[in-house]
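Colleague: With the numbering used here, the residue at position 11 of the sequence shown is 27, and numbering never jumps.
Certain hints may be false.
Pairwise CB distance ranges (calculated) [unchecked claim]:
hint : residue 1 : residue 2 : range
1    : M81       : M17       : 38 to 46 Å
2    : P22       : H72       : 18 to 26 Å
3    : V20       : H44       : 35 to 43 Å
4    : M17       : K85       : 21 to 29 Å
5    : L18       : A80       : 37 to 45 Å
6    : C63       : M43       : 32 to 40 Å
7    : Q50       : R75       : 29 to 37 Å
8    : K36       : W61       : 16 to 24 Å
Read the hints as simulated data drawn from the structure, not as lab findings. All C-beta atoms, glycine included, are put in the ideal place defined by N, C-alpha and C.
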Amino acid sequence: MLVVIPVNLYLCIVLDLYTKLVAGWPMHHRQDRQMVMRAVEMAIWQCQCVGRVILHADRGSQFAMVTIKLRWHAIG
17 MLVVIPVNLY
27 LCIVLDLYTK
37 LVAGWPMHHR
47 QDRQMVMRAV
57 EMAIWQCQCV
67 GRVILHADRG
77 SQFAMVTIKL
87 RWHAIG
């Protein structure tokens, strides 16, 4: 017997625009900054990113702190 529990899930995708590879794809029941961080971390691990990375977001509040943290990390 299959039991289905209705729940909304959010999907955050990090897409490599050059290779079209979906590099990060976490799903969670809450759309928050942690989900975005998991997507970015998954993409960095998956692609073994070297050099400059440009992160484009839809300007949602979940992405604001991630963008700042990535910028600080890039500066060193």
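Colleague: If a hint holds in the structure, say so; if it doesn't, say that too.
Modeller: Against the structure, the hints:
1. M81 / M17: 38 to 46 Å: For M17 against M81, whose Cβ atoms are near 43 Å apart, the range 38 to 46 Å holds.
2. P22 / H72: 18 to 26 Å: Distance hint for P22, H72 is violated at roughly 32 Å.
3. V20 / H44: 35 to 43 Å: Because 19 Å falls outside the window, the suggested range is violated.
4. M17 / K85: 21 to 29 Å: Violated, at about 45 Å.
5. L18 / A80: 37 to 45 Å: holds (40 Å)
6. C63 / M43: 32 to 40 Å: violated (20 Å)
7. Q50 / R75: 29 to 37 Å: violated (18 Å)
8. K36 / W61: 16 to 24 Å: holds (18 Å)
Hint compliance for this structure: hints 2, 3, 4, 6 and 7 are broken, all remaining hints hold.
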